[in-house]
Amino acid sequence: MPNLYFSSQKNTFYYLLALLFLFSSRLAAQSDTIFFNSKWKATVKDSAVYYRLKPVKIKTKKAIGRKIEYVDSLYLIKDYYIKNNTLQFEGYSKDIDGNYNAGKAKWYNEDGTLSSSRDFQKPAPGTFRVPSPPITYLNYSIADKSLLTLGTEFCLDCQTSKKLFLGLGYGVTNSYNGQYYGLPDLHLSYNVSILFAKIGTTHKNSYLLGGLTLMNFIDLGFGYSLPYDKNKAPAFEGFTMSLNLRFTRNKKAYSQPIGY
1280 MPNLYFSSQK NTFYYLLALL FLFSSRLAAQ SDTIFFNSKW KATVKDSAVY
1330 YRLKPVKIKT KKAIGRKIEY VDSLYLIKDY YIKNNTLQFE GYSKDIDGNY
1380 NAGKAKWYNE DGTLSSSRDF QKPAPGTFRV PSPPITYLNY SIADKSLLTL
1430 GTEFCLDCQT SKKLFLGLGY GVTNSYNGQY YGLPDLHLSY NVSILFAKIG
1480 TTHKNSYLLG GLTLMNFIDL GFGYSLPYDK NKAPAFEGFT MSLNLRFTRN
1530 KKAYSQPIGY
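Here our numbering is used: position 203 in the sequence shown is 1482, and no number is missing along the way.
Misleading hints may appear alongside valid ones.
Each computed BS3-like pair below joins lysine-lysine, with the alpha-carbon atoms no more than 30 Å apart [said to hold, decoys possible]: (1) 1341 / 1373; (2) 1424 / 1336; (3) 1383 / 1424; (4) 1336 / 1385; (5) 1383 / 1346; (6) 1346 / 1385; (7) 1357 / 1530; (8) 1333 / 1509; (9) 1383 / 1441; (10) 1338 / 1424; (11) 1383 / 1333; (12) 1509 / 1483; (13) 1336 / 1346; (14) 1385 / 1530; (15) 1383 / 1530; (16) 1362 / 1346; (17) 1531 / 1338; (18) 1385 / 1340; (19) 1483 / 1336; (20) 1320 / 1424.
Honestly, the hints are just simulated from the structure, not real lab data.
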């Protein structure tokens, strides 16, 4: 004859175990969900207008069909209307918070129809793409006199291994009969692999350089400086040697990551 007591205890145990599993699953689901108010500020569920499920990490090439330099994986971001659980946004981001989008993204109306879309590889229509974070450069060059220049560069094209830098700075010459001169600097530098070419101007001279680059961190060049007026100091004329250093948190400016 079966033991009814132990059978009842066993059933009770399984029932409690099932309840515990369901409760744990619900807690886990809630902890993986972020709620937002109408201004997309994080809030509690009771005052939420949108919600986001925990972003899924996917390899970059698998996600958008191409590689992004220094970005191994992307996060799949999906936002929903809390009112009817309809998809509000779907796209990829370089960070888990969805601040740096990549690839194609889509926005939907509350009735499920497509509101708008955008490819984040391209600038938004009618907008200007802000250059990458600025670079501090320090340059020492010497022709008939030496010139020390400090300034800021912008990486106009940093998406590939070929980099185009636009620089603005200010330099000071060494002494011309006890007098020092300041020279504003404007230049373009095109860096490819281990080589670079650079053209620039001040209000006193123009110059052209070419040479070797070490990861775009150090440029060592040789070229020629031509003064606009040979009879007015500083002429800064003749064959020129140049050493240029770049300092930036923009990893894409370098051909390889530099940790400092």
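How the hints compare with the structure:
Simply put, residue 1341 and residue 1373 have alpha-carbon atoms about 14 Å apart, close enough for the 30 Å limit, and the pair holds. Restraint check for residue 1424 and residue 1336: the C-alpha separation of about 56 Å exceeds 30 Å, so the hint is violated. Taken as a hint, the residue 1383 and residue 1424 pair is broken in the structure, with Cα atoms around 53 Å apart against an allowance of 30 Å. With a C-alpha separation of about 18 Å, the suggested pairing of residue 1336 with residue 1385 holds against the 30 Å cut-off.
Taking the CA atoms of residue 1383 and residue 1346, the gap is about 14 Å. The hint holds against a cut of 30 Å. For the given pair, residue 1346 sits about 21 Å from residue 1385 by alpha-carbon distance, which is consistent with the 30 Å threshold. At roughly 28 Å between alpha-carbon atoms, residue 1357 and residue 1530 fall within 30 Å of each other, so this suggested pair holds. Straight-line distance between C-alpha atoms of residue 1333 and residue 1509 comes to about 67 Å, which puts the hinted pair past the 30 Å bound.
Distance hint between residue 1383 and residue 1441 is fulfilled; the C-alpha atoms sit about 24 Å from each other, no more than 30 Å. Taken as a hint, the residue 1338 and residue 1424 pair is broken in the structure, with Cα atoms around 53 Å apart against an allowance of 30 Å. Under the criterion of a C-alpha separation no larger than 30 Å, the hint pairing residue 1383 with residue 1333 is consistent with the structure, at around 19 Å. With a C-alpha separation of about 9 Å, the suggested pair residue 1509 and residue 1483 falls inside the 30 Å cut-off, and the hint holds.
At roughly 15 Å between alpha-carbon atoms, residue 1336 and residue 1346 fall within 30 Å of each other, so this suggested pair holds. For the given pair, residue 1385 sits about 28 Å from residue 1530 by alpha-carbon distance, which is consistent with the 30 Å threshold. Between residue 1383 and residue 1530, the direct Cα distance comes to roughly 23 Å. Compliance with the 30 Å bound is thereby established for this hinted pair. Restraint check for residue 1362 and residue 1346: not satisfied, since their Cα atoms lie roughly 37 Å apart, outside the 30 Å limit.
For a cut-off of 30 Å, the pair hint linking residue 1531 to residue 1338 stands: about 19 Å separates their Cα positions. Between the alpha carbons of residue 1385 and residue 1340 the distance comes to roughly 19 Å, so the proposed pair stays at or under 30 Å and holds. For a cut-off of 30 Å, the pair hint linking residue 1483 to residue 1336 is broken: about 54 Å separates their Cα positions. Our distance criterion of 30 Å between C-alpha atoms is broken by residue 1320 and residue 1424, whose separation comes to about 58 Å.
In the structure shown, a violation is registered for the earlier hints numbered 2, 3, 8, 10, 16, 19, 20, in ascending order.
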